[in-house]
Structure formats: structure tokens, C-alpha cells
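Asks: Now for the letters of each chain:
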Amino acid sequence: MKVDQEEEVKSWATDKGYIHIRKEYCKGCGSCIEFCPRDVLEESGDLNKKGYRPPVPTAPEECVNCGLCERVCPDFAIWVSEKPEDELRYDS
Amino acid sequence: MPLTTLDEKPKKPQDVETTHPMEKYLRPDRLPHIWCSGCGLGTALNAYCHALDDEGFGLDDFAVVSGIGCTGRVAGYVASDSYHTTHGRAIPFATGLKLANPEMNVTVFSGDGDLFSIGGNHFIHAARRNVDLSVICVNNYTYGMTGGQVGPTTPKTARATTAPYGNFERPFNLPNLAASAGAVYVARWTSLHVRRMKKAFQKILTKKGFTFVEVISPCPTGFGRKNGQGEALDELKSYKERSVIRDGADPTKVDIKMDPDSDIVVGTFVDKEKSTYSEVKEQQLAGKV
Numbered sequence: 001m002k003v004d005q006e007e008e009v010k011s012w013a014t015d016k017g018y019i020h021i022r023k024e025y026c027k028g029c030g031s032c033i034e035f036c037p038r039d040v041l042e043e044s045g046d047l048n049k050k051g052y053r054p055p056v057p058t059a060p061e062e063c064v065n066c067g068l069c070e071r072v073c074p075d076f077a078i079w080v081s082e083k084p085e086d087e088l089r090y091d092s
Numbered sequence: 001m002p003l004t005t006l007d008e009k010p011k012k013p014q015d016v017e018t019t020h021p022m023e024k025y026l027r028p029d030r031l032p033h034i035w036c037s038g039c040g041l042g043t044a045l046n047a048y049c050h051a052l053d054d055e056g057f058g059l060d061d062f063a064v065v066s067g068i069g070c071t072g073r074v075a076g077y078v079a080s081d082s083y084h085t086t087h088g089r090a091i092p093f094a095t096g097l098k099l100a101n102p103e104m105n106v107t108v109f110s111g112d113g114d115l116f117s118i119g120g121n122h123f124i125h126a127a128r129r130n131v132d133l134s135v136i137c138v139n140n141y142t143y144g145m146t147g148g149q150v151g152p153t154t155p156k157t158a159r160a161t162t163a164p165y166g167n168f169e170r171p172f173n174l175p176n177l178a179a180s181a182g183a184v185y186v187a188r189w190t191s192l193h194v195r196r197m198k199k200a201f202q203k204i205l206t207k208k209g210f211t212f213v214e215v216i217s218p219c220p221t222g223f224g225r226k227n228g229q230g231e232a233l234d235e236l237k238s239y240k241e242r243s244v245i246r247d248g249a250d251p252t253k254v255d256i257k258m259d260p261d262s263d264i265v266v267g268t269f270v271d272k273e274k275s276t277y278s279e280v281k282e283q284q285l286a287g288k289v
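Residue numbers (the numbering used here), protein chains in the order written: chain Z, 1 to 92; chain R, 1 to 289.
Note that these hints are calculated values from the structure, not bench results. Every residue gets a Cβ at the ideal spot worked out from N, C-alpha and C, and that includes glycine. One or more of the hints may lead you astray.
With a straight-line cut-off of 25 Å between C-alpha atoms, the simulated DSS-like cross-links for lysine-lysine are [unchecked claim]:
1) Lys10/Z - Lys272/R
2) Lys281/R - Lys253/R
3) Lys253/R - Lys240/R
4) Lys16/Z - Lys24/R
5) Lys16/Z - Lys50/Z
6) Lys208/R - Lys274/R
7) Lys240/R - Lys203/R
8) Lys156/R - Lys199/R
9) Lys83/Z - Lys24/R
Label-pair ranges, simulated between beta-carbon atoms [claimed, not checked]:
10) Leu68/Z - Glu282/R: 56 to 64 Å
11) Asn65/Z - Glu241/R: 39 to 47 Å
12) Tyr165/R - Glu82/Z: 50 to 58 Å
13) Glu231/R - Leu68/Z: 27 to 35 Å
14) Lys49/Z - Glu55/R: 31 to 39 Å
15) Glu62/Z - Tyr83/R: 26 to 34 Å
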């Protein structure tokens, strides 16, 4: 049975790209929040279906798309993607 | 500051990818996986997928073989050809797979208990023969799935279900065992060294011969809880403080101790060239058969 992934993923726009979080995969280990070099993420106030608190980007403008959250997440619940070239604003 | 989500400000939703980039190597219908919160296995699998992606592997180019245990579940989550073998027999199965199809890139992804206790003999003989296999051992110092018993890598004095007064046995030093049995590439990283671990995986995927990477991983449920190591996040923080990168270090001196102030030596310990089992066989049989 394939779950409907489109609806589960929420995306945030940053200056360099997007942060995507699939909150139902998150097990609340906190690695992404702890090891983000720019302190972009914080623990969410809401619980997911399993009872864990997924991360939420509270400072998306700080994100530089380094992708460490994606690498350090054991649950494939967070990842980043780049913006298309024509949308990037280099002056910001 | 109000959050800007794509729902409020849609720019080009068709350009935004809404699946994990590594999902092409996984079976999405099997996710989320069964591993505990903060377990390093997911990170190791994530790094392995990134390594496959960076090396441009397709799903038909590689196979994953696992044994029994928490790490044994990796074979069930990878979308390529994969096999979940009986306890300890991941390496014999992978050897057969490699010899029958030399084009296939075979990875053994298993735990310390499976590879070094039940399958210890197979490991040393595959390393001795230098069969062209990539072996990834996720070492969490215990038998996690069965409830945290003493395993071959449990450090001395560590508490476990079967060692309530602390472990009396001397543990295996895995890089030393692999190097002395004849592995051509031996490295150790913790599950926090995500990018270096990925580079090591890239190396073992492309290097010929018996290659071995040990990944130190937290087991908050089976090991950390009994030893006062806190949550998985606390263990990851301790890796950050304790690990020391020493490439080319003598593998005989990289034991892991229970003392929270002792160093965890990580890095690439062995990287050499040696003819593989198949190459030697071809060479000796040339013109005779």
C-alpha cells in the first residue's frame, strides 16, 4: 500500500531553496535541531500521530541549504532542495 | 515572524520536489522504518543511499545482503535486489552472489553481533580470501533487537541484560580484526560523521577487494539506557566530544573503552591494493581449463 506522500510533506521557502518536512516519519530524536549550524529549526508545538514533536523551521531565512539536517536525520523525514537558478536572489 | 509556507506563497509548486531525494533507493511502502528514535542505523542507511547516488548507481547495479538483528532490516528497506539471510550467514551468501555475478556490486550491511559473533568465522575467511565485497558493520556494542545482551563488541565493565555487574569479557577491536585478517580497506566512523561516512561508503563501493567500514551507532534502548548514556542525542553529543580523527592510525591501538573521557579513534586505518579472489582464480586457471 502506497501512502499519499504529497499531502504529508510540508515545505518552507528559504533564500536558497526549500526545507521539506514529512512530519509523520519523524521520531523526535532532535538531531536536526541540535546539529543545524545556523539554528534554523526548533521543536514543534504539535505532536504527530506517533506522539513525537517534529522540527519546524522558525528561522528559514537563516538556512543556507547545507543539507546537514537531511544527512543526520535517521528517519528520512527532513530534506532540502535547491531553488531553480532564475529564482535565486544573490543580493539578499 | 510569520512563517512563509508554500501554501501561502506558491511560486512554482511543480518545480518543488516533494519526495526525499533518496527515496529512489528505498521502498517507500515499508517506511517509516522500525528503528528506535535516534538510532544510527537510519543515518548509516541515509549515508549509504547518498553514496550510491553520488556514484551514479542504478537499482540493478548493486545488491544488499543482511543478517539478523536490527541492522538486518536494511535489506528490507533497500529497493534493489536484497536478501535477508539466516543469522551470521550474510557473508557466505554475498560471496556466492559475487562469484556468480561478478558485475554486481555486493554490500553486506549487518550488525556487530551478526558479523562477529555468529558470523565471525565467515568474516575472517572472506577477508583472508579477499573476496570483492563491501562490508558495513553498524556497531552498537550490544544485541539490540533481543533486549541488550552482551555481544562480541560490548566494552569491558559495560552493563547489559546478561551482565548486571558489568561485562567481564574483553571485546573485539573490529578494525584490528579486519586488518589482520587481510581486508584491503578498513575505516571507522561514528553515526555523527555523516559526510565522512558517505565518503567511506563511496570508497568501498568502488574499491576492489574486501573492504570494511565500522559505524559506531547509539543504541539508546538496548545499551545507552543501562549505562547512563541518556538519549540518543546525548550519545551523539558525546561522539562529537570523544571522537578523534587519526587517519592511518595503527588498528591495534583503536580499542573502545567504556570510560566517558576516553577517545574514540576514527578515520581510515588501512587502504592498500591486493589481488582479489576472482583475479587470482582467473590467473591460475588461465590456459588450464
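Asks: Does each hint hold? Answer for all of them.
Replies: How the hints compare with the structure:
no.	hint	result
1	Lys10/Z - Lys272/R	violated, 46 Å
2	Lys281/R - Lys253/R	violated, 35 Å
3	Lys253/R - Lys240/R	holds, 20 Å
4	Lys16/Z - Lys24/R	holds, 24 Å
5	Lys16/Z - Lys50/Z	violated, 32 Å
6	Lys208/R - Lys274/R	holds, 9 Å
7	Lys240/R - Lys203/R	holds, 23 Å
8	Lys156/R - Lys199/R	violated, 31 Å
9	Lys83/Z - Lys24/R	holds, 21 Å
10	Leu68/Z - Glu282/R: 56 to 64 Å	violated, 44 Å
11	Asn65/Z - Glu241/R: 39 to 47 Å	violated, 28 Å
12	Tyr165/R - Glu82/Z: 50 to 58 Å	holds, 54 Å
13	Glu231/R - Leu68/Z: 27 to 35 Å	violated, 19 Å
14	Lys49/Z - Glu55/R: 31 to 39 Å	holds, 36 Å
15	Glu62/Z - Tyr83/R: 26 to 34 Å	violated, 44 Å
In this structure, the earlier hints numbered 1, 2, 5, 8, 10, 11, 13, 15 are contradicted, and the remaining ones agree with it.
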